[in-house]
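A.B. asks: Keeping the supplied structure of chain A fixed, place chain B upon it in accordance with the hints.
Listed below are the residues making up each chain.
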Amino acid sequence: MSEQEITQTVAPPEPVGPPRRDAVGRSPAHHLHAARGARFRREGPFEVVATYGDLEAERRATRDGLAIADVTGRRMVDVRGPIDEILGRLPLAPDLRRARISSRWAILISAPDSGDTYLRAAEASASPLGMATDATSLYASFRLAGPRAGDLLARLTAFDVRSLEAGAATGTQLAKISAILIAIPAGDGVGRGYDVLVPSEYGRYAFETLLQAAHGLDARPCGWDALVPASAGADRRGGTA
Amino acid sequence: MDRLAPSPAEVLDRTRRLTFSLDGRALTAFNGDTVGSAMAANGVTITARSFKYHRPRGLFCMTGACASCLCTVDGVPNVRSCLEPVRDGMRVRRQNAWPSADHDLLRAFDRGSAGLPAGFYYKLGQRPRFLWPMAEPVVRRVAGLGRVPHDRTPQHADRITLHVDTLVIGGGRAGLIAARDAARAGKRTLLLESRPELGGRLRSSTRPVNGSGLPAYQIAAQLDGEAREAGVEIRLQTPAIGVFEGPLVAAAAPDALLRIHPSEIVVATGALEQPAMFVNNDLPGIMLAEGVDRLLTLYGVLPGRRAVVVAYGQEGQETAASLRAAGAQVQVVNPPMETVVRAIGGARLRAVVIESRTGTRQIPCDLLVIGGLLAPSTNLVAQAGARLRYDDAAHWFVPAELPGYLRVVGRAAGQPRTPACSPPTPVPSHGKQFTCLCMDVTVKEMAHAIKEGFDSIELLKRYTTLSMGPCQGKACLQASVGVTAHLTQQTIAVTGTPTARAPWTPVSLATLAAGHLTPRKETAMHDRHVEAGAAFMWAGDWRRPHHYRDPGAECEAVHERVAVIDVSSLGKFRVKGPDAVALLERLYPGRVQDLKVLRIRYGAMLNDQGVILDDGTICRLGDDEFYVTTTTGGTSAMDQWMRWWLADWGLNVELVNLSGGFAALNLAGPRSREVMERVCAFDVGARALPYLAAARGDLAGVEALVLRIGFVGELSYEIHVPSAFGEHVWDAIMQAGADFGIAPFGMEAQRILRLEKQHVIVGQDTDALSTPYGAGLGWMVKGDKPDFLGRRSLEIARETGPAERLVGFTIEAGAVPPEGAAIIDGNRPVGRVTSSRWSARHQGGIGLGWVPSAWAEDGHTFEIVYDGRRATAKVALQPFYDPQGKRLRS
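Chains A and B, in that order, give the protein sequences. Going by my numbering, the first sequence runs without a break in its numbering and finishes at 241. Going by my numbering, the second sequence runs without a break in its numbering and finishes at 890.
Keep in mind that the hints were calculated from the coordinates and are not lab data. There could be a bad hint or two in this list.
Stated by the list, open to error - Cβ-Cβ distance ranges computed for the label pairs, FRET-style:
| # | chain 1 | residue 1 | chain 2 | residue 2 | range |
| --- | --- | --- | --- | --- | --- |
| 1 | A | A158 | B | A738 | 25 to 33 Å |
| 2 | B | A647 | A | D95 | 30 to 38 Å |
| 3 | A | G171 | B | Q735 | 33 to 41 Å |
| 4 | A | S102 | B | A532 | 55 to 63 Å |
Where is the CB? At the ideal position from N, CA and C, for every residue including glycine.
For reference, chain A alone in the conformation it holds in the complex:
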């Protein structure tokens, strides 16, 4: 290659804001869900699995067995820098989950339709100490809900998940790939669980591996509707954020 440097400058185009209504975001495992008969619905710009058909069975799995749900689509912000200081500057928000992975790394998770609210807030809090990056597409995330969730993780990671307190997060190896584990406290009628975040390029592999490893654990894939407490009614955000 010969050296070619263009010195002419052009003004950067204006930002265009969030994706248009017809732009559809999908999980890497979208087609695997479709092949299993999933019914989809929109959550913000994302198409997510509502249910695989038997909502009651999926709800039972979250309480009594093991439910595996693809919860990719939630807004995520990757925050780097002095985390305690940056998170301390963030406004409190009930629908924002703060997963502190290390003293210099955290992930903020909010509902798919929360727009850039928390990205902007994180950018403001991080500047000039660190950096906030939209990580929504960076991870495929899966919720493991129910009393057998720990048993499934014991088959896939050497990390002692029982040592992870509710709300805590850690980086670890899972199914031979890098992953982030977040312990989710039990909700109203929804058993305690874990969120597994994997690089999105491993999303299909991770979903298949979670299902295969879950044999014998009363496991079933479930949609977003099963993760929302029945009492939550139309407010579906609390269960997944």
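C.D. replies: Positioned in the frame of chain A, the structure of chain B alone reads:
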């Protein structure tokens, strides 16, 4: 079935009868029976044929330690029948016999054993050499243990990780007490037991335990209950197979490989009963005392009506009492005053010959019990790094120095110090005396091996296969060491034991392979590639389309119309911070500081020797923010490389690897701008978005970063969008380009197109010695920069000049030398071909290769040798396609 009267200690449910088949013959059993106990109850004395000599073998230990009862159960070979529960309809076959275990014609090997000396395999394989290929199939067919089942799916096994405070290995009395106490102290406690029940020797004994007034089996039940009540997690039929650094303990559960991370390990593996040495010490009807106890107590089976018990210790006396209570005639032999020198029998023991000071006598019998030859089970202790020492009182090796996390309790620690006997030594008599029952190793073979110079226990083990069989030394270690010491006239302490290694208990390959996973990366558009009929290839962990149809046609689509390739696998990094410029200035040999916002520069990262590590582009997004791309294969390495230097230099920069978070497409071809105009809400014209410029904006409704770069020789746009929208954008572009005849192209077409432009592929065209000067990338090195990685080395390299240069070449029509082919000067190799393809555009073979620098002149000819032929090539320093780059910059 022949059974004793029901006993409260037995494990049988006599109300439920089961039926199973043995070599096609229907047998009955009770629920709770093992295959071994059911065979004994049905009068079956031969449970297997031996490994080498096809000698008959019967139940011996009944604890899963030895290999005398290995059977094929429902197609699974080498199942320990003494521990395998009977299931209704189970099909059992005895192994290693032809035509049957009861009448095995291959017993002829026993008669002709003089032709099977120690080191048989080594000798047969060496001289004469031509013999081994003919002999091997025969040897493999008649020797060995069972047959690998090819017609069944291996049993599924999981790999499970457990974290506990205290791991207790062994569920005998000492192990149960240790586990109970640990759990009561609030520790998360796991107990592993290899047998189907807890209690160890207590479980199979009805004798009262001193002081308690309770029979031993009830003490076992009591301890079992206490441990469970305290919260101990108990896993039966789960032997620990290895102890590793960490500590990490591996254990084989029936359906899983357990990887256990304990804070503390308590080894309570007890003591292992050992066989005695005498002629024909392997006949069916010879058993260890605990095996007899288990048959009597747990399964209600009397293994012989006329028994001789060799009572080396208290265990022998107790078993003699149990046999008498069960109705057997019993004679007790008390070593060392009396010694068994020979067993007599064929398919079953008929008599034993006893030698004493008063003379020799023969006692008719159908059962010979060896009781009380005990060796502390220390293999796992030694694996854990403990030092063992020889204990004169125990006549064996006991744990001495232990790692801090390890405790040894009970008989494994050499406690209680009951009077012990020294390891057995051979009797001076003709006939086969087996030191290793698993591998059919005799005293005579050991003596021959020692004469040949294999006179240490480690060498003997390897030469004779001593203790290398399924028991892994459990049933032969003491005899092996004792006989070796006797033959070499050394002490036991000097002779020592072989190095302890995992697996201590045999484990199936399916279990070892448990949890095997092959991670794979797939792009957001993977399903679209599948739908388009892509043939995939591995690119590192990525699955990428190699081609969709004819790669030549895909190249033509790029040159003539418009085509798109998924390049999501590229490494992508966001670099931001006050010192971002300083970081990149040090990482790259080119300039970064003067790069304007939304401008792009090609760059290669070098190591401190000036060798090219990786290449890619740097796009400036803001004053202190950059978007850096790397090669697919170099992503992880460059991530670590950048972080390593970032930490070392202490710069105020944050780095995020966005590789999977962004889908990337390269839209290329003369019609690509028209397609872009249909999907972009911003100006993509030549003036607004010229070559090496970038733009951010709405593309099909998605915020996109568009880079005007390309490596396929045509006008092209590299489009980066959040990967969740990758499929959406792919669909939009394919739809927008449909009337231009847009087509996807794969990696093979990309390789051809890159080669036509002579673009270097780092790692393919470069190696661990390639500098920018040799690779034709010297233009990127800015020597006037203050500092960058590799600067000092490059200064020297520039002064001396590269010895080799990477050049393009054309080759005579029809020839495409393979990558790696030698470039020669006369007959001397002086270089190599790194890339080569057939180019339809060029109508000939083209390539890149390393040649002596003196040859790097346009038109210089040289020879390439491959497949036994020579081809003449001609150096071409300019790209083969569009050398001025007009199409690229259009």
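A.B. asks: Look at each hint and say if it fits the structure.
C.D. replies: Status of each hint after checking the structure:
About 50 Å separates the C-beta atoms of A:A158 and B:A738, a value inconsistent with the hinted range of 25 to 33 Å. The supplied range of 30 to 38 Å is met by B:A647 and A:D95, whose beta-carbon atoms lie about 35 Å from each other. Taking 33 to 41 Å as the suggested C-beta distance range, the pair A:G171 and B:Q735 conforms, at roughly 40 Å. Against the hinted window of 55 to 63 Å, the Cβ-Cβ separation of A:S102 and B:A532 comes to about 42 Å, which falls outside the hint.
Of the numbered hints listed earlier, those contradicted by the structure are 1 and 4.
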